[in-house]
Amino acid sequence: MLQHGDSFFPSGAVSFSWGIEALGADGKISKADDVARFVRQQLKGRWATSDRPVLCAAHAAGGDLDSVLTADRLMEANSLAAEQREGSKRMGAALLNIHARLETRGAKDYQARLRAGAAPGHVAAVQGFLWHALGLDADSACHVAAHGLAVNLLGAALRLGIIGHVDSQVILGNLHATIADILSVPPAPLHELHAYAPAADIAMMRHETQDSRLFYN
Amino acid sequence: MTKPAHARAPSSARVGIGGPVGAGKTALIERLLPLLAARGFSLAVVTNDLVTKEDAERLQRGGLIAPERVVGVEAGACPHTVIREDPTLNIEAADLLEAKFAPLDLIVIESGGDNLASTFSLDLVDYWLFVIDVAGGDDIPRKKGPGIVQADLLIINKVDLAPHVGVDVAAMQRDAEAVRGGKPVILTDCRAGIGLDQVVARLAHDVLMAE
Ligand SMILES: Nc1nc2c(ncn2[C@@H]2O[C@H](COP(=O)(O)OP(=O)(O)OP(=O)(O)O)[C@@H](O)[C@H]2O)c(=O)[nH]1
Ligand SMILES: [Mg+2]
Chain V
72 MLQHGDSFFP SGAVSFSWGI EALGADGKIS KADDVARFVR QQLKGRWATS
122 DRPVLCAAHA AGGDLDSVLT ADRLMEANSL AAEQREGSKR MGAALLNIHA
172 RLETRGAKDY QARLRAGAAP GHVAAVQGFL WHALGLDADS ACHVAAHGLA
222 VNLLGAALRL GIIGHVDSQV ILGNLHATIA DILSVPPAPL HELHAYAPAA
272 DIAMMRHETQ DSRLFYN
Chain Z
2 MTKPAHARAP SSARVGIGGP VGAGKTALIE RLLPLLAARG FSLAVVTNDL
52 VTKEDAERLQ RGGLIAPERV VGVEAGACPH TVIREDPTLN IEAADLLEAK
102 FAPLDLIVIE SGGDNLASTF SLDLVDYWLF VIDVAGGDDI PRKKGPGIVQ
152 ADLLIINKVD LAPHVGVDVA AMQRDAEAVR GGKPVILTDC RAGIGLDQVV
202 ARLAHDVLMA E
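Going down the list, the sequences are from chains V and Z. Take 72 as the starting number for the first sequence in my numbering and just add one per residue. Take 2 as the starting number for the second sequence in my numbering and just add one per residue.
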């Protein structure tokens with residue numbers, strides 16, 4: 072669990088800001104409080120209500136890749152902003168790539184489906200079945216994913232010069248309660264998948280055409 | 002450069018090009034593309050642009066290679082990370098190019114502008130070049146950064162500028178050779194096209210096993 076939750080694990084996450092770069096450029100995220108609010112909103116308004124159910128369903132699939140695909144496709148249908156959707160798939164493909172090389176069970180098979188255009192490969196679906204294959208229980212897998220997203224977002228804010236290394240740890244510490252809160256109730260069923268993070272969605276849509284960009288989204 | 006069998010099994014060679022911002026990495030690629038194509042090699046390029054998509058777009062518009070054979074990977078302000086600790090997106094990009102344009106002989110991966118400490122993961126590339134330029138100062142090789150010391154091939158570019166910046170190119174080359182334990186150093190001028198045949202010969206010999 073430590074290995075897969077650590078930012079030392081090569082997951083491709085550093086290339087994604089999930090809207091922070093554009094919101095920072097617009098001055099809408101300019102200080103630690105803004106970052107804390109944004110990350111909390113991403114966790115509660117998007118991850119909890121859409122990534123988590125997909126991750127849990129893919130985990131519960133118990134290695135049955137057709138069931139993984141069902142959850143994966145629902146994620147595709149529920150991702151509105153192109154940079155959010157494509158970013159999630161690029162991270163999924165990157166994670167599959169490293170696990171295919173590590174020979175994690177199912178990775179090569181699912182990667183073949185992606186390459187054939189037969190599966191979208193959203194990161195939540197990929198995490199769910201890979202971490203199941205590695206023996207993580209569903210709750211641990213959710214913790215790893217939520218923590219990973221928080222670290223990914225804070226790292227982006229830090230590299231954009233919006234927060235410092237102390238702030239980022241303060242915020243991360245405070246987010247543990249948010250994550251615990253989210254995970255204290257069972258995940259929503261797949262048919263209730265939804266996300267509400269309009270500021271981030273719009274920022275990512277605008278980011279697509281911005282000239283100066285360090286991040287994919 | 003032996004690797005576990007499962008680590009990689011692509012047919013193409015993968016070559017990294019690193020070096021400080023502005024040293025001439027893209028200029029070198031622009032020079033190499035036609036020379037390598039003329040030898041019949043099938044090529045593709047991955048760029049890691051730092052703040053824009055400029056290098057990817059420059060190559061796509063340049064007419065030296067089919068635009069769809071060039072992809073840009075954003076580095077998220079971590080040019081070193083994406084070629085070393087976490088090259089997964091670059092590997093995925095190269096794998097996709099490989100799948101799309103098979104059989105490819107060579108995929109060139111341009112790093113997003115580094116400092117002297119950068120190195121490429123050997124899970125990402127088979128061979129890597131480090132490009133510095135004379136205008137950066139003739140003391141650069143003596144500083145012995147990992148890029149200078151470990152790269153398979155060191156390029157000292159912009160030799161045309163040496164007289165203007167008061168740099169003794171021969172001494173710079175000697176210093177570089179001294180810290181590289183016999184690994185090659187080639188002087189280039191990408192503006193006038195000098196030294197590039199030597200670079201191509203090296204790549205053909207060391208990487209593409211063509212002669
Ligand atoms: N005089 C001279 N200029 C050169 C030479 N090679 C490149 N340049 C110029 O140096 C500048 C930077 O070249 P690039 O090829 O963009 O450098 P780069 O290493 O790709 O830069 P980044 O990708 O931004 O890190 C451009 O203006 C080139 O025209 C050379 O051999 N001589
Ligand atoms: Mg360049």
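These are computed hints drawn from the structure, not numbers from a lab. Among the clues, some could well be false.
Said to hold, decoys possible - Here are the simulated DSS-like pairs of lysine-lysine, each with C-alpha atoms no more than 27 Å apart in a straight line:
(1) V:99 x V:115
(2) Z:144 x Z:101
(3) V:115 x V:102
(4) Z:54 x V:99
(5) Z:101 x Z:145
(6) V:179 x Z:145
To be verified - Now the in silico label distances, taken between C-beta atoms and shown as ranges:
(7) V:261 x Z:63: 28 to 36 Å
(8) V:176 x Z:41: 35 to 43 Å
(9) Z:63 x V:97: 30 to 38 Å
(10) V:174 x Z:211: 45 to 53 Å
(11) V:151 x Z:144: 46 to 54 Å
(12) Z:182 x V:144: 52 to 60 Å
Claimed, not checked - To give an idea of the chain V side of the interface with chain Z (calculated C-beta under 8 Å), a few residues:
(13) 83
(14) 161
(15) 186
(16) 247
(17) 286
The structure presented is a predicted model; accordingly, all values stated were derived computationally and were not measured. The C-beta atom is built at its ideal place from N, Cα and C for all residues, glycine as well.
Structure-based check of all given hints:
1. A distance of roughly 19 Å separates the Cα atoms of residue 99 of chain V and residue 115 of chain V; the hinted pair therefore holds under the 27 Å criterion.
2. The suggested pairing of residue 144 of chain Z with residue 101 of chain Z is violated, with an alpha-carbon distance near 41 Å, which exceeds 27 Å.
3. Pair hint residue 115 of chain V plus residue 102 of chain V holds up; C-alpha atoms about 20 Å apart against a cutoff of 27 Å.
4. The suggested pairing of residue 54 of chain Z with residue 99 of chain V holds, with an alpha-carbon distance near 24 Å, which does not exceed 27 Å.
5. About 39 Å separates the Cα atoms of residue 101 of chain Z and residue 145 of chain Z, which puts this hinted pair outside 27 Å; it is violated.
6. Note on residue 179 of chain V and residue 145 of chain Z: the hinted pairing is violated, with a Cα-Cα distance of about 41 Å set against a maximum of 27 Å.
7. For the pair residue 261 of chain V and residue 63 of chain Z, the beta carbons lie near 47 Å from each other, so the given range of 28 to 36 Å is not met.
8. One distance hint, 35 to 43 Å for the beta-carbon pair residue 176 of chain V and residue 41 of chain Z, holds here, with the actual separation near 41 Å.
9. For the hinted restraint 30 to 38 Å between residue 63 of chain Z and residue 97 of chain V, the CB-CB distance of approximately 33 Å keeps it satisfied.
10. In this structure, residue 174 of chain V and residue 211 of chain Z break the distance hint of 45 to 53 Å, their C-beta atoms being roughly 33 Å apart.
11. Between residue 151 of chain V and residue 144 of chain Z, the C-beta spacing of about 50 Å keeps the proposed range 46 to 54 Å intact.
12. Evaluation of the 52 to 60 Å hint for residue 182 of chain Z and residue 144 of chain V yields a pass: the beta carbon distance comes to about 54 Å.
13. For residue 83 of chain V, the shortest C-beta to C-beta distance to chain Z is roughly 4 Å, which falls under 8 Å, so the interface hint holds.
14. A distance limit of 8 Å between C-beta atoms decides the matter here; for residue 161 of chain V the minimum to chain Z is near 7 Å, and the interface restraint holds.
15. Taking 8 Å as the C-beta contact cut-off toward chain Z, the hint placing residue 186 of chain V at the interface holds, the least distance being around 6 Å.
16. At a threshold of 8 Å, the smallest CB-CB gap from residue 247 of chain V to chain Z is about 24 Å, leaving the interface hint violated.
17. Annotation: residue 286 of chain V was flagged as interfacial toward chain Z, and the flag holds, the nearest CB pair being 5 Å apart, inside 8 Å.
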